[in-house]
Structures are given as structure tokens and as C-alpha cells.
Amino acid sequence: MDISSLIGSLHPLEIKVLLALRDARSRGPMKEQQLEQTAALEPSQLSMAVEWLLAKSLLSVASQKTTPVVSLTKIGAQYFEKYAPIERILSTVRKAGQTGKRLTIQDIQSQEGLEPTEVSGAVGCLKKEGAIRIVAGGHVESTGGPSPTAEAIRELLKQLHGTPRDLQAFPEPMRRVIEQHAVKRGNANEPFRIDDHVERTFALTPDGLGAADALVQQGVADEVSQLSPELLKDGSWRTKRFRKYTISLRAPRIASGKRHPYREFLDRVKTKLVSMGFQEMRGSLIETEFWNMDALYMPQFHPARDIHDVYFVKEPTHVSEIAEPFFSRVAAAHRNGGNTGSTGWGYDFNEERARRLVLRSQGTAVSARTLAAGPQTPGKYFSIARCFRYDQVDATHATDFFQVEGIVLGRDINFRTLLGLLELFAREVAQAKEIKFLPAYFPFTEPSVELHVQHPRLGWMELGGAGLFRPEVTLPLGVDVPVIAWGLGLDRMAMVALGIHDIRELFTGDLDMIRTTRGKF
Amino acid sequence: MPTISINLKDFSQLLGQGTVTAERVESWLPLVKGELKDHDDATGELRIELQDSNRPDLWSCEGIARQIRTALAGKAAAYPFFKPKRPTKRLMVSPGLEPIRPFVAACTAVGYRVTGEGLAQLIQMQDKLADIFGRKRRTVSIGLYRLPDIVFPVTYTLVKPNEARFTPLGFDEPMSLGEILSVHPKGVEYGPIVAGHDRVPLLRDAEGQVLSLPPVINSREIGEVRIGDAELFVEVTGTDLRMVILTLNILAANLADRGATIEPIEVVYPSATALGKTVRTPLDFSQARPIPVKTIEAALGQSFGATSIARALTAYGYRVKPSRETVIVKLPPYRNDLMHAVDVVEDVAISRGYGEFTPIMPSQFTVGGLSRVEQVSDRIRDLMIGLGFQEIISNILASRQDLCDRMRLGGTSWSRLVEVDNAMSQSYSCLRQWIAPSLLRVESASTRVFYPHRVFEVGEIAVPDPADAQGARTVTALGGLIAHAGANFSEIHSCLDLLLFYLDYPYTLEPVAHPSFLEGRAGRVLSGGRPVGLIGELHPEVLELWQVGMPCVIFELEVDPLAERG
Chain W
2 MDISSLIGSL HPLEIKVLLA LRDARSRGPM KEQQLEQTAA LEPSQLSMAV
52 EWLLAKSLLS VASQKTTPVV SLTKIGAQYF EKYAPIERIL STVRKAGQTG
102 KRLTIQDIQS QEGLEPTEVS GAVGCLKKEG AIRIVAGGHV ESTGGPSPTA
152 EAIRELLKQL HGTPRDLQAF PEPMRRVIEQ HAVKRGNANE PFRIDDHVER
202 TFALTPDGLG AADALVQQGV ADEVSQLSPE LLKDGSWRTK RFRKYTISLR
252 APRIASGKRH PYREFLDRVK TKLVSMGFQE MRGSLIETEF WNMDALYMPQ
302 FHPARDIHDV YFVKEPTHVS EIAEPFFSRV AAAHRNGGNT GSTGWGYDFN
352 EERARRLVLR SQGTAVSART LAAGPQTPGK YFSIARCFRY DQVDATHATD
402 FFQVEGIVLG RDINFRTLLG LLELFAREVA QAKEIKFLPA YFPFTEPSVE
452 LHVQHPRLGW MELGGAGLFR PEVTLPLGVD VPVIAWGLGL DRMAMVALGI
502 HDIRELFTGD LDMIRTTRGK F
Chain B
-4 MPTISINLKD FSQLLGQGTV TAERVESWLP LVKGELKDHD DATGELRIEL
46 QDSNRPDLWS CEGIARQIRT ALAGKAAAYP FFKPKRPTKR LMVSPGLEPI
96 RPFVAACTAV GYRVTGEGLA QLIQMQDKLA DIFGRKRRTV SIGLYRLPDI
146 VFPVTYTLVK PNEARFTPLG FDEPMSLGEI LSVHPKGVEY GPIVAGHDRV
196 PLLRDAEGQV LSLPPVINSR EIGEVRIGDA ELFVEVTGTD LRMVILTLNI
246 LAANLADRGA TIEPIEVVYP SATALGKTVR TPLDFSQARP IPVKTIEAAL
296 GQSFGATSIA RALTAYGYRV KPSRETVIVK LPPYRNDLMH AVDVVEDVAI
346 SRGYGEFTPI MPSQFTVGGL SRVEQVSDRI RDLMIGLGFQ EIISNILASR
396 QDLCDRMRLG GTSWSRLVEV DNAMSQSYSC LRQWIAPSLL RVESASTRVF
446 YPHRVFEVGE IAVPDPADAQ GARTVTALGG LIAHAGANFS EIHSCLDLLL
496 FYLDYPYTLE PVAHPSFLEG RAGRVLSGGR PVGLIGELHP EVLELWQVGM
546 PCVIFELEVD PLAERG
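First to last, the protein sequences are chains W and B.
Each residue of the first sequence is one higher than the one before, starting from 2 at the first, in our numbering.
Each residue of the second sequence is one higher than the one before, starting from -4 at the first, in our numbering.
Treat each hint with caution, since some may be false.
Here are the simulated DSSO-like pairs of lysine-lysine, each with C-alpha atoms no more than 27 Å apart in a straight line [unchecked claim]:
| id | chain 1 | residue 1 | chain 2 | residue 2 |
| --- | --- | --- | --- | --- |
| 1 | W | Lys434 | B | Lys123 |
| 2 | W | Lys434 | W | Lys521 |
| 3 | W | Lys102 | B | Lys32 |
| 4 | W | Lys128 | W | Lys159 |
| 5 | B | Lys32 | B | Lys155 |
| 6 | W | Lys96 | W | Lys159 |
| 7 | B | Lys32 | W | Lys437 |
| 8 | W | Lys129 | W | Lys66 |
Read the hints as simulated data drawn from the structure, not as lab findings.
Note that the structure is a prediction, hence the values are computed from the model and not measured.
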């Protein structure tokens, strides 16, 4: 490129840097900070201009020095406020020692609300240092001895709070603690971060000096960067020179409005279901145990109805009544089969329990309501229902999630049409070529089937469960045709489509992640 | 449902087909609704999850092997001990147990020398049956004892907690029953099942030796089965007679499968039970049930005829008498899960194999469609996206702190929430009553993400309403938020205005004093005189509480009234 077209394409920021370096060339290469001052630029402007000039070989790095600098991560900042797991565990164990309470590792974990990995790492370290010991019965006891690591971490959290420091400024034992607890690949949950702080000095290359000289000779007076309405109005654009852009630079970032990536996935499923002739059903977030479980012939002693599986509403605890004739018929079905031709579960059905309010724990509750509301025959229904389960939230368990479920009613419904429907789902929803049907168990269906599919990218996976509703479910709700109940387990497919590995990220609060995730459907 | 461990070598011996591979076992698992969770080639251990909570007979190595053996042989093995024969041993039940734990069943098993693997299976089976089928020992619990130490008749009786002492498993010294209930870990765990009466159940023999304190703990002297024992006494106690006997039937069949000879015991009750005053256990109490062939064929969508159906059911362990139009079926004595003909239907399908059925497509025509609320929600999403808003999706469960305190609503009439009684963590203990906190959760987590931020969510909320039978209404709502250095009322107002223009939804704003907003910069959205939303600049204290360093303006709108307009 000749020198005039070269300087014609320079950005005003680049020009400032070139001229500043030319003015100070007698003093040798300049540090970034000096350049900021002499060229009167913001740090961000300077770093842009420097990168552009380096790319054009008008500037060279004269020297470069790398210093490792330690700072606190977000977790480190939390630890500073609320103490690190190792400190919390040590203090809990010491406190327990004083009160005579006996704690297992699990107790500590649940009491402190820590992750298993946090606990095992910290307990291992404390044991090694002799600050605690594990005695018979898996109980953890304080030895009364100190934990150098816990103390070092506290000291480091204090020193680093708000001020990053040179790693080399710390003595060797502290450095070792920092390195053990610094963020690394595969372990992001650490309090410290070591970043290489790079200090560079810059000098003009011969080309750069030539360009700067030419700029000084020619002057930059009549150049404009932006065409304006004024220039157009008076025609003065004809006398101006327009600065040339380096169009190969990265585009500045913008944000647009768009659907949430998980929504895009769910919308695709929704569209598929509608195209297969399914009508959408909606329901209430709060349900009675009756509609959530009794109407589905789940016996009141069923393990999944335990206090440890379902969320109960605090206030009001019960509804005053449940619509008849459903209430009596369902109760009879549980007690002795009622008019369903069944023996029933043969236990003492508790009417009070049926009126208990819970957070909907399964989408099938919506189907039960639909059955009772006089659905069409033939009819196909689906819902994408938010459900709630009493579960410890972790990478694979959510407490609040979507279930895709539905029903199909018709005189032609039987075991083979059930398999046919599942085959259709496998093809339409999962693009599966190969499928397998396995016997399954659900309290409300018989026969019951699990659908396994060979997903193009995931291999064999369970796509859903289904079955024919038991007569103990349909007859009390006033439906006398066979009904398929089906549910699809789509979370794993969604997670792969969105490239995430933690179910919590489906509802992430990180706007950057939401903005930049592209679903691969 | 239970996941159990079995050993491949042990399983192969029980199956009697020579050594089988894990892959082979897996191919049979559909017969028992089992799923192979993992297997260790080095130890030969397989972990299998059994799905069917009504089939406790399958929750053991013996049970799985038995179901597969039945399929391979085409019929179930006979268990002669279910045939009536006068037992030589008796178990006497004292009066007064009715309100506590009335039923017991027992037998002896002789001639099988307990191996290490056999003992592991016995313990596992005892645990799974008592824990899951027996509802944590409430309805059923099991005890195994060394038979030679016991002098018959055994008595199932009631005593005061200070009237008897024995050395429980896990301890070295004799303790009173009261001490066991208050000190022994099992006493603490299971004692409450029999608490609340002045006496507790006890099993002891003719010489007064204690066998156990059911359902809590066995005696260390008699009630600890060890490798090498070849004579066992087995008992089951509980609150449901049929469940108690079924459990004993399963245990007896399992021990018989391992080579033991089962001798029934006569249980003598003080008064008549549903099965009489004296009950000989194990006992086959299955009832014959006629099932129309038509019913089975209609449900399965295929005609096989009575003979094929009978063959399939026999190969699944049933006792069957086919005629032209009906099959009369009886479950094997170790099962009691036939409530309705559909249960038999499924067993026919499983026995034949699901792969044997050709899928056919449901052929009847139906019209698909979305609910009105969903249609309107989709329309709103499109419009919001056109206005440059990024959609978010949030948990509906949140904390009171987020929903009220951080919104400055604590102690006000806006702080009514649907709360969970048994929350596992405070973070997920209340249903959100509006969308705004969900939007702020995103803002709070995204302070380093480049601005401007425009985010929205259309989702469900639970609005407390004392007039509603359930105490709250599920409402679909829209929330929108703008955050950047110059965000103000007029910018968010323009968005709401344009949105409602396109939705053809006339509205007015009236000033509102709402603690979440800056005074004088907040409005209530009214449509047809009815409040349907809020709009305004969030109060700086709200932003501080969420650690958001940018001005934020929001609006919130109920979607249901839009859908109801038709």
C-alpha cells in the first residue's frame, strides 16, 4: 500500500498514537500508561488503536513483561463475606465439639448447604492437617489443632479483597495455597484467580515513522469521518475527503430482541404437536392432591406422594370441597374399585388428604382435569406444564421444570395404536430412525410403555413414557373410551440442542449466555 | 423404585442355564420391568432398577431369576409347601395386638446352607421389602433367626417396655425394651411405629427367650443369621394380613429356590381374622378370576384366541384355565397385584414381548390448536421481540426475600404470597406473584453484560386471592424491563403504548403509590376500568437491594384479560 492511501485509511485514534510516538521518539519506546497521557486517550481507545497499528505493522512491541497477579473471583468475594467452606466446616465442627453434637460429613454438607465436592476437598485438607479427625460412625470431630490452610485462606481473602496483588509478593506457603485454590480448567469454583498481567512498551516501525512524518507534512484538516445531513444539504461533501475504513475489523457488538433459546426448543415441540392434531390444555400451578394424584389412581400411600416428593401449600392448606360426582367415584375406585371392575387398592381412602393443596407435581394432573371436563372423542390433547418436585437442586435436578404431556381418546385406541403414536413422536420430535418399546410402570396406566429412541446425536435415550389409562382413572372421570396417556422427557434433548450440561442453565439469569446461545435443533 | 445388586454367578446358578453374560441378563430384563444401571465385569455385580412398585416378588436375585426361568420353561415351578399339610410348629398370637400390629406369618427353611452371596441377598431382600413395600416397616417388617436355638411354640405378644430385656443386634449388653426404643439407633428410627401404647410387641419362644421386638430389632443371640447356618426361622409382622402373608410367600419361594425345604407354621390368633382363626403360612390366597378373551384382544388390538393367551400367561407364571371365550386366571402365590383385567392384559403383552406387536397409527382425525392464552402470549412475544426485548425464562419458585423484601414490599398489602409448607430451601419456597423479581434476577446476574438491556418474560404467576377456592389464581403475565444509563419512564411507556396499540387494547394510566417504584413515576395500567398492570421507574433502593447499578424501568401486564376478549 502506498503511503497516501495508507494514511488515508488511518482512524483518528491511530493518528493520535502515531503522532504521540513521533513527538516522543527521542525518549525511546513508551509504556501504555505514558501513551495514554501523551495521546490523551481512554484506555479502551488506546488498546483498540494499538491493536490496529500492530496489525498494520506501523507499531512494534519493544518489550514485554508478564507478571502473575492474584485477585479474588466472585466466589472469593463471597467467601470474604461469608467464609470459605473450609472455614465454615472447621467452625461448625468446633462448635459441635463444644455442644457435644455429633455430625457426619453429610450433616455438615446439608447443614451448611455445600456441594459434595466442596465438602470432600475441605474435609480432606483439614484431616491431613490434623485439625479434624473422623471417628467411628463417620462422625467428624475437632482435634483442637489449627488449620494452616484455613488461616492462610482467611489472610489471603483479607489482603486481596478489592485489591489484586502480585503473586510473587506472597511468601512460598501462601503461594502454594493460592495455586491450590485458583480457578483452573475443570474447576471454576475457586476463590482465587491468577491472571498474567502484561506490560508492554511500543515503538514506531520504520513504516510507522514514515506514515507519521507524512501525516505531519500533509495535515489532516479536511478529512471527515461521517457523512452528515448538513454536508448533503449544502453540497459541501464535494470538497471533503472521507476517511477510509479498515473494513476487515470486527463489527461492534449489538443486542437484539429474540426468543429465549429454550423457548425456541419448546415452541418447536408445540408446533409439532399442533401439526399432529393436538389441542393445548392449560391448568393451575396449585392443585389438590385429588387432581394431582388421587384422580390418577395413585394410592395415598404411594412413595411419590411423600412429604419428600411434593410441595405442600402453607395457606390455605385444603379446599373445602371437590366437585362431585368425581370425588365419590374416585374415592370408591381407591377403596374397592367402585364401578370400574377393579378390586381397588383396598385401603382407607382419606378424604381430607384429597382436599390438600399442593404445587402441581406432574403434567398428568392437567390431563385428569381435561378428562373430567368432557373432552372430545376422538380427541388429542397436550400441555407444556410447569411442575414442581421436592428435590435438591443440582446439575441434573430442577425443583421447577416443564413437562410435556398429553392424552389421546378414541374408540380405536388400544395397545397397538399406543405404539403407533409413540413411533410418530419418535420420528417427528426426535428424528429417530430406530426405536424400542420396553415395559414400564406408572400407577395410572396399564399396559405401560417406555419409548427408547436412537437419537441422531445422542444415541439411545429414553424419550418418553406412556400407556393406556387404567379404567380406575377414566371411568370415575366420566370417560368410557380408551385413553392413551403420554409424556415426553425432553430436557436432555433440549440441553444438547442448547449446548449446556447443567439443567439449571435452562433458566439461567446470565443475559450474555441467553443472548449468545444459538439452539441447534 | 428399588435398585438392587445381584451377582452374575449367583444369578446363573439360580437360573440353571449355565453361565450367562450381563448382556444376556439385560436382554431378559423387560420381563421384570428392570433396567440395568451398571455392571462390574471384575466382580460380576449387576445393579438393576425394578420399576414395578406392585411386584415386590421381583426385588431380589431369586425373584428376577424365577420370572425369567418361568418364561424359559413356559410355566412356573411348583412350590409344594403351599399345599395344605398339618404343620408341626405353632405361633401363638396374644390378644391386644389389634390396634398396634395385629398380624404375623412365619415358616422354617431347612437344608440350605447360607453362603456369603445368599446372605447378602437375604439382607437386601429384607431391606427392600420392609423399606419400600412395607413403607419403612410401618405395614410390613421381616425377621430371620437361627432355628436350632428356638423352642416352639413361639408367642407373638405384648409387654410393658420395662418387662423384658434382651441384647439387641449391634450391642453387647442386655437392655430393657424401653432402653432399646430410646437409645438404639433402630429403636429411635422405627420405635415410633409401635409407640403411643403402654405395651410393645414382642416375639419370644416357649422358654421366654426374646426373638425380637418387631418391627424394630432382633435379638443378637437368636436373630443374627450367619454364613454357614442351614436352619432358619422366618417371620413377618405387620398391619395388613394379606401383605404380611404375601411377604412371607415371597421369602419362602426365594429360600426354596436356593434349595431350602420350607415347613409351614400354624399361626393361632385369639379371634378370627379375614382368613380364619388359625392361618397356616405360607398361604396361597390367590383368587381365580375370569377374564373375557375379548377384553384382552380389544385392549391389545390383536386377536390371538384363548389358547395363545393361556400360553402367554402360563409362561409368565399364572395358573390358567382357558375356555373358548374366557380365561380363568390365578396369580402365582408370590404375587398379589391383580386389580383389574388390564393388569392381565399387560402381562400377556410382556410375556409375548412388546416387540411382537406391530404399531398402527391412530387414524381418527382431530384438529390441533393452541389455547387462547397461548395464542395471545405468542403474539406478545413476537411484538416484544420487535421492540428489541430479549426473552427470558425463570423459575416460578423463588424466595420471599426476592419477591417481597428486595422489592420493598415487606409488610405491605403486596406481600401476600403462596408459600410452600415443606420448602427444602428458602430460595425455592414461594410462588412468584409478579414477573418483576424474575427480571431483576437477570439484571442482578448481568451487570457486566453490555448495555442497554431490554428483557421480558411471559409466564405464569400465582396471585393470592382469598375469594378463590385454592387461595390463589394462576395468571399468565408479561413483564418487561429496560436498563441503561438513560432508562426512564417515557422510554418504557413508549414500549407499552406501542405494544397495546398493536394488541388493540385501549388503556389509561393512573398514578400509583407502590413501594417498588419511585414516587410520582409509577402508574397503574387500567383497561375498561379494571387494573391490569403496573409501569414505572424502579426505586433506587430496590436497585441497591438487587445490586443493580443501572436505572431500570419496568412494566407488568396480565395477559388473561387479553385472551378473554376473544
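Checklist line | In rising order, the numbers of the hints this structure does not comply with | finding: 1, 3, 5, 8
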